[in-house]
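J.: Protein chains in written order, with our numbering: chain S, 83 to 511; chain X, 83 to 511; chain E, 83 to 511; chain P, 83 to 511.
Since the hints were made in silico from the structure, they are not lab data. Small disclaimer: the values here were computed from a predicted structure and weren't measured. The beta carbon of each residue, even a glycine, is placed where N, CA and C say it ideally should be. Hints are not guaranteed to be accurate.
As a list, the in silico DSSO-like pairs of lysine-lysine whose alpha-carbon atoms are at most 27 Å apart [said to hold, decoys possible]:
{"no.": "1", "chain 1": "P", "residue 1": "Lys354", "chain 2": "S", "residue 2": "Lys170"}
{"no.": "2", "chain 1": "P", "residue 1": "Lys107", "chain 2": "P", "residue 2": "Lys170"}
{"no.": "3", "chain 1": "X", "residue 1": "Lys170", "chain 2": "E", "residue 2": "Lys354"}
{"no.": "4", "chain 1": "E", "residue 1": "Lys107", "chain 2": "E", "residue 2": "Lys170"}
Each pair of labels, with its calculated beta carbon distance range [as the list claims (entries may be wrong)]:
{"no.": "5", "chain 1": "S", "residue 1": "Leu166", "chain 2": "X", "residue 2": "Glu329", "range": "21 to 31 Å"}
{"no.": "6", "chain 1": "E", "residue 1": "Glu509", "chain 2": "P", "residue 2": "Glu344", "range": "38 to 48 Å"}
{"no.": "7", "chain 1": "X", "residue 1": "Glu339", "chain 2": "S", "residue 2": "Pro369", "range": "35 to 45 Å"}
According to the in silico footprint, chain X covers these stretches of chain S (three or more CB under 8 Å from chain X) [as the list claims (entries may be wrong)]:
{"no.": "8", "stretch": "293 to 303"}
{"no.": "9", "stretch": "325 to 337"}
{"no.": "10", "stretch": "379 to 389"}
{"no.": "11", "stretch": "448 to 455"}
{"no.": "12", "stretch": "468 to 475"}
Protein chains: 4
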Amino acid sequence: MPDTHLAALDTEGDRRRSLVTRFQKARGRTAELVGPLSPEDLMIQSVPDGAPAKWHLAHTTWLFETTVLIPFSQGYRPHDPCFLELFKARAASAEGRIDGPVLRLLSRPSTADILRYRDHVNGAVLHLIDQATDGELDILAEHLGIAIAHERRHQERLLTHIKHAFWSNPLRPAYESPPELPATTPPPDDWVAHDGGLVEVGREEPQPGFDHEGPRHRVFLAPFRLAARPVSCGEFRAFVEAGGYGERALWMADGWEALRAEGWTAPLYWEKREGAWRVFTLYGSQPLNPDEPVCHVSWYEADAFARWAGKRLPAEAEWETIAARCDSVGNLLGTGYRHPRAGTYRGAGPWQMCGDVWEWTRSAFGPYPGYRQPDGLDEAVHGRFMSNRMVLRGGSCVTPFDHAGPWTRHYLRPDSRLSFTGFRLAEDA
Amino acid sequence: MPDTHLAALDTEGDRRRSLVTRFQKARGRTAELVGPLSPEDLMIQSVPDGAPAKWHLAHTTWLFETTVLIPFSQGYRPHDPCFLELFKARAASAEGRIDGPVLRLLSRPSTADILRYRDHVNGAVLHLIDQATDGELDILAEHLGIAIAHERRHQERLLTHIKHAFWSNPLRPAYESPPELPATTPPPDDWVAHDGGLVEVGREEPQPGFDHEGPRHRVFLAPFRLAARPVSCGEFRAFVEAGGYGERALWMADGWEALRAEGWTAPLYWEKREGAWRVFTLYGSQPLNPDEPVCHVSWYEADAFARWAGKRLPAEAEWETIAARCDSVGNLLGTGYRHPRAGTYRGAGPWQMCGDVWEWTRSAFGPYPGYRQPDGLDEAVHGRFMSNRMVLRGGSCVTPFDHAGPWTRHYLRPDSRLSFTGFRLAEDA
Amino acid sequence: MPDTHLAALDTEGDRRRSLVTRFQKARGRTAELVGPLSPEDLMIQSVPDGAPAKWHLAHTTWLFETTVLIPFSQGYRPHDPCFLELFKARAASAEGRIDGPVLRLLSRPSTADILRYRDHVNGAVLHLIDQATDGELDILAEHLGIAIAHERRHQERLLTHIKHAFWSNPLRPAYESPPELPATTPPPDDWVAHDGGLVEVGREEPQPGFDHEGPRHRVFLAPFRLAARPVSCGEFRAFVEAGGYGERALWMADGWEALRAEGWTAPLYWEKREGAWRVFTLYGSQPLNPDEPVCHVSWYEADAFARWAGKRLPAEAEWETIAARCDSVGNLLGTGYRHPRAGTYRGAGPWQMCGDVWEWTRSAFGPYPGYRQPDGLDEAVHGRFMSNRMVLRGGSCVTPFDHAGPWTRHYLRPDSRLSFTGFRLAEDA
Amino acid sequence: MPDTHLAALDTEGDRRRSLVTRFQKARGRTAELVGPLSPEDLMIQSVPDGAPAKWHLAHTTWLFETTVLIPFSQGYRPHDPCFLELFKARAASAEGRIDGPVLRLLSRPSTADILRYRDHVNGAVLHLIDQATDGELDILAEHLGIAIAHERRHQERLLTHIKHAFWSNPLRPAYESPPELPATTPPPDDWVAHDGGLVEVGREEPQPGFDHEGPRHRVFLAPFRLAARPVSCGEFRAFVEAGGYGERALWMADGWEALRAEGWTAPLYWEKREGAWRVFTLYGSQPLNPDEPVCHVSWYEADAFARWAGKRLPAEAEWETIAARCDSVGNLLGTGYRHPRAGTYRGAGPWQMCGDVWEWTRSAFGPYPGYRQPDGLDEAVHGRFMSNRMVLRGGSCVTPFDHAGPWTRHYLRPDSRLSFTGFRLAEDA
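Work out the full structure: start from the sequences and follow the hints.
T.: Written out as C-alpha cells, the structure reads:
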C-alpha cells in the first residue's frame, strides 16, 4: 500500500520514526501470531495453494531482503544465499516452469534458523532506515511500504491456513485459548435505505490503497435497501435445515456443481455432533452461536441463501455508498479476537461494515472505468485477477488493516470458503 | 423466446399461420443443416460437452414431443417410448446422478429412425396447431415459441460441434463447398465516439428476448470510443507474430494458465503449413484472409490483444449504446455464408455489430439492476449462469436470429473458443 | 503365426493355392463379421483403447499394404496415400509422442471408401501371389502369414469392442439374431487327476505358434486335479449371491481396489432386471443360463471365486499337461456361435479346454527358461508384455484359431473383463 | 515372524529373557533411528503412501497396545484413547471407506507426547512379560513376535521415507554424517555356475519366516550361471550413458510407459552436477562411486539393463539355490552403514547375496505349489499381494533382519524405486 499518508508528517525525523514503528509493528505482529505454534505446527499445510506458517515467516522476510536490503543497503550480505531461492514467491517459480521446492517438506532450515533469519533482516532494515539520507527516505519508504503490506497480507493467510490445517487433525486442536469477552446484545434485523441516483465510488488519490480500487467514478444506482448487519449463523442454520443445500433451483449452475463435487452440506467448519451444530474456530470446536455472523461460506452459498430469503447480494457500489456515510468498525486482526463476533447493538446501523467477515457482493471483480494496470510495482498484480472472481468488501477478524476505507476491494473465486467470508443482504427498494 | 410480437397480429388466422410458418422454418432449417452430413458424420462428437448432430436432430424433436405434444395434444402417442428417456436433456439426466446414455454411442436408433421421428412429430405439431381453439392458441404459442427458440440454439451448436469434429480429422474434411462471393472492400480502421453520460440499456417489454436481457435500466458512462469494425485476422496475426502468446504481462492470471495448459499459440483453427497461416472453416482449410474478423478466440485472447494494442474491450453498456443507434447487420445463419466475412464498407460505421462474430465485452455476466429470475419456464435457466461467464454481443455467422436487438446478451466462459467468437476494441475518450 | 506347416505341402502349386485360400478366408471372415453393422455402428468406440469396427477394417488392410504390397509388389500404387498415415498402428503413433487421429472421429473416409480400399488391396495381394516366383513365395508367405494372423486377432477384437459398444447403448441392441441350437446336457462336475512329476511343456519347432510359447522345457509338478469343465454361470451366481463381492478376505489387494474403484458387483454384462439376472450377449440381452461357462470375469474375480470355493486356479503347466493328452475342442469363431455354450457331455472329460472361454491361470506371464526375444518380426512384441499380465489358455468363442495347440498362451492384465474370459478350477491332490 | 526358534530354549527363564531382549532391541533400534531427526523432520512425508517418521513411531507402538496389551494385560489403561483411532493402520481405515487422518498433518500430538506414549507402552509390555505365567508365555510370544516383526519392517520404511523426503528438499540435507570406512577392493566380475536339475526351495518348518516363503517344494532348473556380485553403479552408468533410457526395444511395454510418464533418465537419487554424477544418500549428496552396487532402480530398469547386457535376471529358484550353498552376508541395518557398500573381495563368490541391496528377480510374486493362505494372523496379508509384484531377494543395507534365510522373499511393484533395490545378472549356461 503506497505510503501516501506519510506525506502529511512534518519532519524527516517524524517520517523516520513512523517508518520504524510501522515496520516493527508489522514484523512483531507476525512473530506474535506464531507464538502459539510448535515447530511441528509450523510445518503443516493442508491445502495445495496454502503454505506452512514457517514458510510465511521466511517468505515475508525474503521480500524485505530482496526488494529493500539488497537494492538499497550497500554492502548487505544475505543471511544465507540459499534462502534467496528457497523462499521466493512460488508464482515466480511456477512462471519458469521449474517447480519450486515443496514448501511443506522444508524441515530444514529449522525454525530456529528462520527466526535467526528474521532477526538478521530486521536488524539490517532498522539500520538502513537509520542511515538513509532524507533524500533516500522516500524511495525506501515506498519499497518498505510494499513489503510491510505484503507481510500483513501473509498474516491473514497464515491464520487462514493454520485454521484449516488444525481442522484437518481429528483432534481438532485449538490455535489458542479463547479470551473472556463481555456479553453482547445482537443488533436487530434492521435495514438501511438509499434513494439511488448518481453516486461516486472508488478510491481517490491521495487516499491510501491499491490501484484497482480506483479511479473514482460515477455509478447510477436504483433505490435499494441494505441489511444493517451480516447474516448470522442462526439465520444460515435455518437455510441449512430447510434443505437449502438440496434445492437445485436456488443455486448457480457452477455452484451446484461445486456443491456436489465437494459434498457441501453446510458452511466450512460446521459439523453436527450428537444432534447439535458445532463450529471449528481458532479457539477449537465451539457450539454454534446463532448471533455470530456466518463465516466460511462461498459466494455460491451466499447467493443461494439470498435467493432462498427472497433477497439478493448487494452490488459493490451499493455497499460502498452506504459504508462511506457511516463509521462502523468491527473486529479486525488488531482487535485480538480471532473469530467473527456477534455484533454489539450500539447506535444506529449499519453495523460491522468493516471487520468480522469479508462480505461477498453480487459484483464480479473487474476494472473500474478509466482503470489502467500500473507497470512495475508489485500491486499491479491485482489487475491480473479480473476474471472469475467476485468482489468482497469490509475485511475480517484476521485482516490487519492499517488504513481501510469504504473503497477497499478484495476478490476471491466464487467457490472459496477458506477465508473468513460472510455476507449481508440487499434488496430493491 | 416469448412470442410477444405475436400480440400485434390481427386475427387468429394470422396468428395460426405465423405460428406454422415459424415452426416450419425452424424445423426445415435444421433438416437443411444436416443435408451435407453422412450417417457417419452424424455420429461424431469431439468435445465432451458437445453432441453428435444426430442427437441434436433427436433432442430438439424430443422437446416438442414432451413440452408441446404430450401436454396439449389429447390422445397423442409418443413415436417411441424409449426416445422419451434417450433424448432428454443431459443436464436433467445429470441431475439425478444417473449418467445419461453416451450420446456418441447411440448408433441405434439409426439416422432413418430419427428422421422418421422428426416427421412424426412435425405432423403432430401441425395438426395440433390446426386443431387448437383460439383460446388454446396463446398457451400453445408460448410453449411452441420456447421449443422453436431451443431448436434454433441447437442449430448454432450443431454447426459449432461439427466444425470441431471435422477439424479433429487429419483429412480436414469440409462441411460444404464454399459459395461464390463478390469481392469486398474491407472497412477502414474507424472509431465511433460517444460523450458518455446517463444512458438506458436493456430489453424493455414487449420487445422480444430473454428475461436476463432486462429490465431496462440506467447506466452512467464516461466518454469513450468504439472501433467501427471487429479486429481482423490480419491484426491478430500481427499479435501472434509479435510473440503475444509468450508475454505473460499481457494476460490475465487464469488466461495465462489456460494458455499453458492447453498449449495455445494462436486462435483455434489456425495452423501454419509451409510457412503460411491457414484457417479451418466449414468450407475446409483456407488460407488466412487478413480482412476477415478474427474468430474462435477466447476472452483471454481478446483481452490480451486489447492490452497489447493499448486499448480495451468495450463494456456491454457501451456496446449496446452504440448498437442502438445504428442498423448494422452482418452475416447471420440465414445469410447462408457459414464463416465471418470481411466486412463491406458501406455507409458510415460501425459495421457488423450484429452478425459474423460474437463480440466479447469486458463485462462479466450478471443480473441487471432489478432483475428477478423467472419461475417455471425454460428461459429461467439463464440466471443460473451468472458466475464465471463473460458477456458477448451481436451474434455470429451461424446464429439463427429471428429478432435480435441491441440488447441481446450472450455469455460464455472466458476460456471458450469453440463458438464463433471475436471482438472489437474500445478506449476511453 | 509363422507358416511352418506350409513346409509339408508337396508342390509349389499347392503352396500357392493354400496361401490364397488362407488369405481369402481371413479377409472374407472380417467382411462377414461387419455384415450386421450399419455405417453408424461401424463408428462407435466405447473403451479408450478399443477401436471402431471401421478402423479394424482399414487397419488390417493397411498392414497388407505396408508390409506385403509396398515392399514386394513392384509398381504397386497405394490406394490413397493419406491412408498410410491414417490407419497405421496406434502404438507406433504413440511412440513418436504424436497423437494419432482419434479413431472414432474418422467419419471420413466413408465406409464405402474403406470397402473399396479392402477390395483394392485384396486384388493386389492375389495378383502378387499369382505372379510370385517359386523363390519369392517363401518370403511372401512369411509376411502374408503375419498379416493374416494380425487380421484374425483383429476379428476377435472387433467382436469384443462392438459387444461393449452395444452394451453402452441403453437400448441394448443385438449384433445379430441368435441361431437355433440343439439342447445340450451340461457335463457333470468331474475332475481329472494327474500324478505330478517332471513334465514337458511349451511349443516345439516346427509346431506353429508364437515365440513366447516356447522353448519346450521341463517343469516339476506336484500331484493335482483339474476340473473337467469351466466354472458355470450358475456356480458364479451362487458366489455373487453369497456376497462374494463384499468379502474383502477373498480378494487380492489390487483386486479389491479395482472392485471398489469400478463398482464391480457381478461379471461384466450381468444385470439384474425385475429380480432376475440377465446377461448381455452379441444376441442382445438374454436370461442368465446357469449351465453356460461364466464369461467376462477378471482374473481377480476368478481368483476370488476359487478361494471362496476352497480351490485354486491351475498353473499354466498343469493346464497344458492335461490339455496335451485330450482333444477337446469347444466353440470357436469358426463354429459360428458367438457366445460360450453350455458344454455337451460327450465322452470322458475334460471338456471345452479349447474354445468358448479363455481360461485364466494362476501363472503370471513371463519368459520360459531359455526364452530369447526374437528380433525383427512383429511377433517379437509379445516379449514386451511380460510384466503385470496373467496367462490365459484355450481360446474363446470369438477366437479365430487356425492351429491352436495345448501350448497356446494368451495374456491379459488381471483386471481385464472385456475379452471372453472365464476359468476352470484346480486343486492339490 | 513366528517365534519358532524360541522352542529350542531350555527354560522358561531363558524364554522370558530372550523375549525381553528381542523386544528391547527392536524398540531401541527405532528410537535410535530417529535420533538424528528434529521435530520438524519427523513431520515430513514426500510420497503419498509413505508416512512421516513420527507416525511410524506411534503406529508401531499402537500395534503393541492393541494386539498385546489390551488383549492380554488385565487392567491395562490405554495411554490416550484417541490414539487408538489416530494411529491405526491406514489400510484398515481405508477399508471402511472413511479416510484416516492425513498423517503429515498430525502436528499434535507432539513428538514429546509420542515419546511418552512409547515409554508408557514399553513399560507395560515389560511388566506383562514379567507377570505372565509360563502357560501364557507361548501365546504372548507369538503376538509379541508379530508386533516386533512389524516394528522392524517400519524401521526399513522409516529410513526409506526420510531419505526421499530429504531428497525433496533442495538443500539435500543429510540424515547423518558418514562413518569412517576402510577402503575396499571391489570383487571381480565372476560368475557362479549351476548344472540345473531338480532342486528344493522354499522355507521348511521350523525355520523362521513367513507363510508365503513355503512350503518347500521341488523345481526343475536348466543349467545356469549367476553373477558373483550385484551390478555396480559404474556398470549402470555405462548403460545410462549409452542411451539405454532412450532405446524402446530394451524395455517392457509397461516399463517404457513408466519411464516416459515419470521422466526417468537414471536411477532415483542420481543427478548430474557440473558434468559429474552424484548420488543422494542418507549421508547427503555424494560423488557416484562406480564400485558400489547400483540401487533404487525399478524392476523395469533392471530388466532393461540385463537385456542391454545380453543377460537376464535370475529366477528366484536359481537365486535361492545358489544362496543356500554359500554364507555371504553383506551390509544390513544392524551393520550400521546406511548405504550399499562396494563389496569386499574375500574368499570365493558369490558376494553380498544377503544385504546391501534387495535384488530383483525375473519371477512374478505368486504362491508356491501347495501354498494356502493362513487365516487370522497378520502375516496372512502377504498372500493378498500375489498379483502385479515381482520377487526380490536378499535384503538391503536398511533391512533389520534377525533370521533371514536363503528362502526369504520380498515383493514390490515393478515400477518401485523407493526401496534400496538393485539386482544381479544371470544367464543360461
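J.: Regarding X/Glu339 and S/Pro369, is the given constraint of 35 to 45 Å on their beta-carbon distance met?
T.: About 41 Å separates the Cβ atoms of X/Glu339 and S/Pro369, which means 35 to 45 Å holds.
J.: Sort out whether P/Lys170 lies within 27 Å of P/Lys107, counting only the CA atoms.
T.: holds (23 Å)
J.: Can the stretch 448 to 455 of chain S be counted as covered by chain X under the rule of three residues or more with Cβ-Cβ separation shorter than 8 Å?
T.: holds (count 5)
J.: Count the residues of the stretch 468 to 475 of chain S whose Cβ falls closer than 8 Å to any Cβ of chain X, and tell me whether that reaches three.
T.: holds (count 4)
J.: I want to verify a distance hint. Is the separation of the beta carbons of S/Leu166 and X/Glu329 within 21 to 31 Å?
T.: holds (26 Å)
J.: Is X/Lys170 within 27 Å of E/Lys354, Cα to Cα?
T.: Measuring from Cα to Cα gives roughly 24 Å; hence the hint holds.
J.: Taking the Cβ atom of E/Glu509 and the Cβ atom of P/Glu344, is their distance within the range 38 to 48 Å?
T.: The hint (38 to 48 Å, Cβ to Cβ) holds, given that E/Glu509 and P/Glu344 are roughly 42 Å apart.
J.: Please work out if P/Lys354 and S/Lys170 have their alpha carbons no farther apart than 27 Å.
T.: With a Cα-Cα distance of about 24 Å, the restraint between P/Lys354 and S/Lys170 holds, given a limit of 27 Å.
J.: Tell me if the straight-line CA distance from E/Lys107 to E/Lys170 falls inside 27 Å.
T.: holds (23 Å)
J.: Count residues of the stretch 325 to 337 of chain S with a Cβ under 8 Å from any Cβ of chain X, then say if the count reaches three.
T.: holds (count 6)
J.: With a C-beta cutoff of 8 Å, work out whether three or more residues of the stretch 293 to 303 of chain S approach chain X closely enough for the coverage to hold.
T.: holds (count 5)
J.: Under 8 Å between beta-carbons, do enough residues of the stretch 379 to 389 of chain S, three at least, approach chain X for the coverage claim to hold?
T.: Holds: 4 residues of the stretch 379 to 389 of chain S have a Cβ under 8 Å from chain X.
Going through the hint list in order, the structure satisfies each hint without exception.
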